[in-house]
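Asks: Make a model of the complete structure from these sequences and hints.
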Amino acid sequence: MKDKKFQFNVSDLKLSVSQVERIIGYKEGEDSGLVTGLIGEVIEEASQICSVKAEYAIFQDVRFEDRGKMIFIGNIDFDIKGIVYQQLKKSESVALFLCTAGPEISRRISNSMNEGDLLKGYVYDIVGSEIVEAAADLMQSNLEGEALNEGNKITNRYSPGYCGWDVVGQHKMFRLLNGEYCGVRLTESALMNPVKSASGIIGIGKNVKFNPYTCEMCNMKGCTYKKFRSG
Amino acid sequence: MNEILERLALCIEFGKINKTSPYPPNMKGQDGADELAKLALNEGVKPDEILENALIPAMEIVGGKYSRKEIYVPQMLMSAKAMNSALAHIKPFFQSGETKRKGKFIIGTVAGDLHDIGKNLVAMMIEGGGWEVIDLGVDAGTDKFLKAINEHPGAVIGLSALLTTTMENMKNTVSAIREKHADLKILVGGAPVTTDYCKKIGADFYSPDPQGAVNYLKQLVS
Chain E
1 MKDKKFQFNV SDLKLSVSQV ERIIGYKEGE DSGLVTGLIG EVIEEASQIC
51 SVKAEYAIFQ DVRFEDRGKM IFIGNIDFDI KGIVYQQLKK SESVALFLCT
101 AGPEISRRIS NSMNEGDLLK GYVYDIVGSE IVEAAADLMQ SNLEGEALNE
151 GNKITNRYSP GYCGWDVVGQ HKMFRLLNGE YCGVRLTESA LMNPVKSASG
201 IIGIGKNVKF NPYTCEMCNM KGCTYKKFRS G
Chain L
1001 MNEILERLAL CIEFGKINKT SPYPPNMKGQ DGADELAKLA LNEGVKPDEI
1051 LENALIPAME IVGGKYSRKE IYVPQMLMSA KAMNSALAHI KPFFQSGETK
1101 RKGKFIIGTV AGDLHDIGKN LVAMMIEGGG WEVIDLGVDA GTDKFLKAIN
1151 EHPGAVIGLS ALLTTTMENM KNTVSAIREK HADLKILVGG APVTTDYCKK
1201 IGADFYSPDP QGAVNYLKQL VS
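Which chain is which? The protein sequence lines are E and L, in order.
Counting from 1, one number per residue, gives the positions in the first sequence under the working numbering.
Counting from 1001, one number per residue, gives the positions in the second sequence under the working numbering.
The set of hints was computed from the structure by calculation and includes no laboratory data.
Relax, there's no trap hidden among the hints.
As a list, the in silico DSS-like pairs of lysine-lysine whose alpha-carbon atoms are at most 27 Å apart: (1) E:LYS14 with E:LYS27; (2) E:LYS69 with L:LYS1171; (3) E:LYS90 with E:LYS209; (4) L:LYS1180 with L:LYS1104; (5) L:LYS1144 with E:LYS172; (6) L:LYS1028 with E:LYS27; (7) E:LYS27 with L:LYS1069; (8) E:LYS2 with E:LYS89; (9) L:LYS1199 with L:LYS1144; (10) E:LYS153 with E:LYS89; (11) E:LYS2 with E:LYS90; (12) E:LYS81 with E:LYS69; (13) E:LYS153 with E:LYS90; (14) L:LYS1200 with E:LYS81; (15) E:LYS81 with E:LYS153; (16) E:LYS90 with E:LYS5; (17) E:LYS81 with L:LYS1171; (18) L:LYS1147 with L:LYS1091; (19) E:LYS209 with E:LYS172; (20) L:LYS1199 with E:LYS81; (21) E:LYS4 with E:LYS206; (22) L:LYS1065 with E:LYS27; (23) L:LYS1200 with E:LYS69; (24) L:LYS1147 with L:LYS1218; (25) L:LYS1185 with L:LYS1171; (26) E:LYS153 with E:LYS2; (27) L:LYS1171 with E:LYS172; (28) L:LYS1038 with L:LYS1091.
Replies: Here it is in structure tokens:
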């Protein structure tokens, strides 16, 4: 498998007003008049201003250390912790990925907030996040197709900052994937700039499994995410 | 209660910012929070009364509705914007000392975490509760909190974290604050944070929603 780079149009991502309304919390039939028009405007604007890019790089030289729940890619160790380790440990190779909605939407989020247009800033924020996730979905399904052609499967994608994997893991990831194509840089505290970006790892191999994200994976007790998802 | 203040409270509750703002549709063309706050001052209503009898109770209603999931973030943001437009007329009285704030509240999202929506909602609600808010933004490290505490002695502190992995940074910041300022009150919040975690790291209060934080602060000064 080869490394790949992608550029998407926002229209490729099939973002809909109702999808954004659901994320905000509106249920079917509820009056969302306050935001419906604004979401439509922001999606339209995003299609003019967003430079949506994604890339993945394949690494064959991987090994796992069960005791420390670590993965080594080449000579770089990643302290991915138990949850991510369980999902990746049967991988024969891995893909490191990066996606971004580009700098402009991130700029508009902060400009709107600073100018006091809190609602627009909030809608930009949600639309920006959805663009990144949708771009990552497209990139991931391309990777899955490539893997299937070679008789392999892929895992779900996992990112530093989630499932116990410390966000500082991103510094090591950027040593392997420099972020130049996507134009993403890291701050000292390992946050990505532009903020509407995502990075992470996907396992590849004959014996890996694609497991959906579920709160059962996590051992946190009383977390709001868990309460919310269990209804 | 003064009729102008009643109307002002309704504008804040329903997010009517000013006369030209189209939202909510059933208040179209009517004066909003901006005009009514100005009118109240012109009619001789004291800024304190505007705060106590319109802004604070209206934001309490909004906070309660959000806690009960009767409204979503957009309605809350509209109310906050309406409140800010009224507050803009009262701010000169804070500066002159004629009107007193209830206290100072320093808030920030902890180091390594850039999620700010929850933090912003809490900041807005607390400002609407009559407090001066010092917002340190996102990715705020321990040094930033300690510097703000030195600049605003006696302030109540609020820390937010949205990632399970940045809760560790919350713990480190709380313990660094405790080391130097044992008596300060510290509130924590964010989706993965719990009451147990709050106790474990030595913070004073956890609330799952902004109104809980407002109520806690209210108790502190009552």
